[in-house]
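Top to bottom, those sequences are chains A and B. Residues in the first sequence are numbered consecutively from 2, following my numbering. Residues in the second sequence are numbered consecutively from 2, following my numbering.
Any given hint could turn out to be false.
Identical chains share a label here; the pair holds if one copy fits it or two copies do between them.
[Unchecked claim] Here are the simulated lysine-lysine pairs, DSBU-like style, with alpha carbons at most 30 Å apart:
| # | residue 1 | residue 2 |
| --- | --- | --- |
| 1 | Lys74 | Lys97 |
| 2 | Lys97 | Lys69 |
| 3 | Lys97 | Lys70 |
| 4 | Lys11 | Lys59 |
| 5 | Lys86 | Lys71 |
| 6 | Lys11 | Lys86 |
| 7 | Lys59 | Lys69 |
| 8 | Lys83 | Lys69 |
Simulated from the structure, these hints should not be mistaken for lab results.
2 protein chains.
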Amino acid sequence: MDSPKPKMGKRAYQLFFSTLANETRLTLINILRQKPLNVTQICEVANLEQSLVSHHLKMLEHHGMVFKKKEGKFRYYTVNEKTIKPLLESIDAHMKEYCCKILAGKR
Amino acid sequence: MDSPKPKMGKRAYQLFFSTLANETRLTLINILRQKPLNVTQICEVANLEQSLVSHHLKMLEHHGMVFKKKEGKFRYYTVNEKTIKPLLESIDAHMKEYCCKILAGKR
DNA sequence: TAAATATATGAAACTTATTTCATATGAAAA
DNA sequence: TTTTCATATGAAATAAGTTTCATATATTTA
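Please take these sequences and the hints and turn them into a complete structure.
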């Protein structure tokens, strides 16, 4: 007996996807996938303003997609590999088939 | 040698996530997960206005997440199980750990 | 302890997405 | 062949999300 109904509320999914549905946040995630960095470093690498980066990191952290570690006056952020890796793999698989079609219409 | 860099452009991911980052579209996907339905039927089940549903189905189809099949004057929509199933599984796994935290702050 | 550095945050300005409404198109039924 | 039913679509109205700016807080260094 397989249940086609979702186990979590729609709202939870919606928040999850919304968190990733933003180019700035995806940039941050990809930067952090290489290695942990503090806010200032992230700003440099991403070439983005500090307050913008902080706002987005906060959201990512709040949704469990990155972790924050205090170190003196610095805050080091790391990506939640456990979530992000399999997720991006699922999506890559989908993209392989539909990416062109998707990107064609937009911009 | 494992590449931590993504294979697809950020933009593609962003579009992918945006497509799912909407409660109405998630509703439609969940309805279609049970079985294919035409637009009128979807409207009834979801209790949503026809034009709203059509707008969203169009986007879902455009992004390869549902398929459309003509049948007389009806248009039957089916969910792309191949994409949606593993995707939602990844997310459920993440949710199991972070859902409470996430939902606590919002609403 | 005053100045400097790192990060966070609230709110306004701005941008993008969603919904609604009116109407168009296309197929089938009368 | 007109009417009805099913679906689609453009555009205005509305809502939600993002960025910026000014400033607050916290930690170190001088």
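| task | Up to 30 Å between alpha-carbons, please classify Lys59 paired with Lys69: within, between, both or neither. | result | Result: close within a single copy only, 9 Å intra versus 39 Å inter.
| task | State whether the alpha carbon distance between Lys83 and Lys69 is at most 30 Å within one copy, between copies, both, or neither. | result | This pair counts as within: shortest intra-copy Cα distance 15 Å, inter-copy 35 Å.
| said: For Lys11 and Lys59, with the copy left unspecified, which applies at a CA distance of at most 30 Å: within, between, both, or neither? | reply: Classified as both: same-chain Cα gap 22 Å, cross-chain 20 Å, threshold 30 Å.
| Should Lys97 paired with Lys70 be assigned to within, between, both, or neither, using CA atoms and 30 Å as the limit? | between (36 Å within a copy, 22 Å between copies)
| task | Tell me, please, which holds for Lys86 and Lys71 at an alpha-carbon limit of 30 Å: within, between, both or neither? | result | For Lys86 and Lys71, only the intra-copy Cα distance (24 Å) is at most 30 Å; the inter-copy one is 37 Å.
| request: State whether the alpha carbon distance between Lys97 and Lys69 is at most 30 Å within one copy, between copies, both, or neither. | output: Between copies, since 20 Å is at most 30 Å while 33 Å is not.
| field | Within, between, both or neither: Lys74, Lys97 at alpha-carbon 30 Å | value | neither (43 Å within a copy, 32 Å between copies)
| said: With identical chains, the pair Lys11 and Lys86 could be close in the same copy or across copies; at 30 Å between alpha carbons, which is it: within, between, both, or neither? | reply: both (22 Å within a copy, 15 Å between copies)
In this structure, only the earlier hint numbered 1 is contradicted, and the remaining ones agree with it.
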